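Undergrad: Kindly generate the complete structure, drawing on both the sequences and the hints.
Residue numbers (my numbering), protein chains in the order written: chain A, 1 to 288; chain B, 1 to 269.
I should point out that these hints are in silico values taken from the structure, not numbers from a laboratory.
Here the structure is a predicted model, which is why all the values come from computation and not from measurement.
In this text, a Cβ means the ideal position worked out from N, Cα and C, and glycines have one as well.
The reader is advised that the hints may include incorrect statements.
Below, computed lysine-lysine pairings styled on BS3-like, alpha-carbon distance capped at 25 Å [unchecked claim]: (1) A:K143 with B:K19; (2) A:K58 with A:K284; (3) A:K166 with B:K236; (4) A:K168 with B:K236.
Here are the computed distance ranges between Cβ atoms for each label pair [what the hints assert, rightly or not]: (5) A:G199 with B:L147: 43 to 49 Å; (6) B:S232 with A:S150: 32 to 38 Å; (7) B:Y242 with A:E36: 50 to 56 Å; (8) A:Q148 with B:D218: 19 to 25 Å; (9) A:E124 with B:S200: 50 to 56 Å; (10) A:T273 with B:K180: 38 to 44 Å; (11) B:M82 with A:Q148: 44 to 50 Å.
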Amino acid sequence: MKPFIDAKGLVHEYSRRDEEGNVTGINRALDGIDMEVKAGDFIAVLGANGSGKSTFAKHLNALLVPTEGTLYVNGMDTSDQGNNLLIRQAAGMVFQNPDNQIISNVVEEDVGFGPENMGVPTEEIWRRVEESLKNVGMYEYRKESPNQLSGGQKQRIAIAGIMAMKPKCIVLDEPTAMLDPAGRKSVIKTVKELNKKEGITIILITHYMEEVTGADFVYVMSEGQVKMKGTPRQVFARSEELARYRLAIPEVTKIANGLRKKGVNIPKDILYTEELTDILLKTKARGL
Amino acid sequence: MIRDITIGQYYASDSVIHKLDPRVKVVCTFAYIISLFCFNQLSGYIIAAVFFWCIIKLSKVPFKFVIRGIKPILFMLVFTAMLNLFWTSGGNVLVKFGIITITEEGIERTVFMALRLVFLIIGSSIMTLATTPNQLTDAIEKLLKPLNRVKVPVHEVAMMMSIALRFIPILVEETDKIMKAQLARGADFESGNIFRRIKSMAPIIIPLFVSAARRASDLALAMDARCYNGGSGRTKMKPLEYKGRDIAAYLVMAGYIAVIIIAGKYLPF
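TA: Below is the structure:
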């Protein structure tokens, strides 16, 4: 089967210009990215500030086009302008700031914005709006103004707005960076459910380690390159390497590593609190 | 809370007037305003007042909300009344004191002009009270659609209006935040004469503009990502369609205009 996202040697350069518009320098934000994502997968892209992860996200939505290399989304070449609308339908995008991506004064109208743009018939828009609001658990708020909602709720509305366009994939560019812990949790839970129940391919771009633990596959980016890839367990087992890319491992893994250093027999790839408690209880039962 | 402010002055209710198609309300308000200038005798004012009273009752908007619309123009109202009162010549002179002359006709004109202005203002305020800003922009878009043919970007203008409405509370909140941040750093917005105070606004206005520009660019990106492509090929989630009651409203309006015109012609007072 063809991969849903297929990047080969993807390069993006931003050029700095002086006041007359002459190029004074070139910033290589992406430097030869290779990535293949299967449909239905939950992928996480990790990276510190300035690692190029947001630039990569914009490429997936054809908001930016490759300087070199190729990127195919759902079999369509993103550098072909004529594909733009189809690519944006196939791979929807959720941005960081919840306020700056909600267009309408009423929740349901905002969710309907995408389908309206696509020319979906009126009755079908209503059906989709209802369905996607229920999917993110915000159906009761459909008549309200987004201004009255919390950050996490607004972000779920933004996700519903994308869901109403019936995409195969949702790209989330640091969707939780501006949220409080409760909002963060609700957004991540929603995203995971969409992946499991609706089979939507998820590409979650973030620098919060805790959000990555449920992913099928993790890419770690730094300086515009993919530096590490693997399952969350494989990646988090290499904590020294992660630290080099200015990323911290999840708290649980950190505690487990500390305990191991003190001589407790714990495997290197602990991801969940329950796992650690289990192992510790067993160790205790064995009387160590 | 500063973010609870409402824009315009919509009064939520489920009355017949609220349920009317917004286009009906815009057109009828215009017709009503024009009708106010179609008569010049007492009976016309009475008819207009009675008609208007019925609309207010139907809309279920409390009278004090409707009357509130007059407050901002009170000064202008008094001013025009004064002008009319003192500078109308002709008719029986009632008072003459220096350059001030008050005539019978002057009083009549003053009263009628003031009434006309009051009707005009509260007439349009009942429209904004019974229609959400979103519906209003929808109505304007649809009513002005013929202008599309002469290359007026009607859809884009309406879209801009509705986005502006959406961002007003956000920017108000932001202004509040910036003000507090500047106050915390020792900014002084309250002392000094008017020029100094205007000057002291710069540390608020500049960050506000910068942030508004950033929001605009973010929003443009988000709209792009959601396949926004201008007005062509777009469908509507809530299309405006005339229903029976809208036709009835037009008929009632036409009836009212007819009565006003006939009254103006045949009633003696």
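Undergrad: Look at each hint and say if it fits the structure.
TA: Here is how each hint holds up against the structure:
1. With a C-alpha separation of about 16 Å, the suggested pair K143 of chain A and K19 of chain B falls inside the 25 Å cut-off, and the hint holds.
2. For a cut-off of 25 Å, the pair hint linking K58 of chain A to K284 of chain A is broken: about 50 Å separates their Cα positions.
3. Of the pairs offered as hints, the one joining K166 of chain A and K236 of chain B holds, with about 17 Å between alpha carbons and a cut-off of 25 Å not exceeded.
4. Distance hint between K168 of chain A and K236 of chain B is fulfilled; the C-alpha atoms sit about 24 Å from each other, no more than 25 Å.
5. The hint said 43 to 49 Å for the Cβ distance between G199 of chain A and L147 of chain B, and at roughly 46 Å that hint holds.
6. Range check, S232 of chain B to S150 of chain A: Cβ separation about 36 Å, and the 32 to 38 Å hint holds.
7. In this structure the supplied range 50 to 56 Å holds for Y242 of chain B paired with E36 of chain A, their Cβ-Cβ distance being about 54 Å.
8. Look at Q148 of chain A against D218 of chain B: about 21 Å separates their beta carbons, and that is inside 19 to 25 Å.
9. Distance hint for E124 of chain A and S200 of chain B: a CB-CB separation of about 54 Å, consistent with the stated range 50 to 56 Å.
10. The supplied range of 38 to 44 Å is met by T273 of chain A and K180 of chain B, whose beta-carbon atoms lie about 39 Å from each other.
11. Checked against the hint of 44 to 50 Å, the pair M82 of chain B and Q148 of chain A passes, with Cβ atoms roughly 45 Å apart.
Checked against the numbered hints above, the structure breaks only hint 2 and satisfies the rest.
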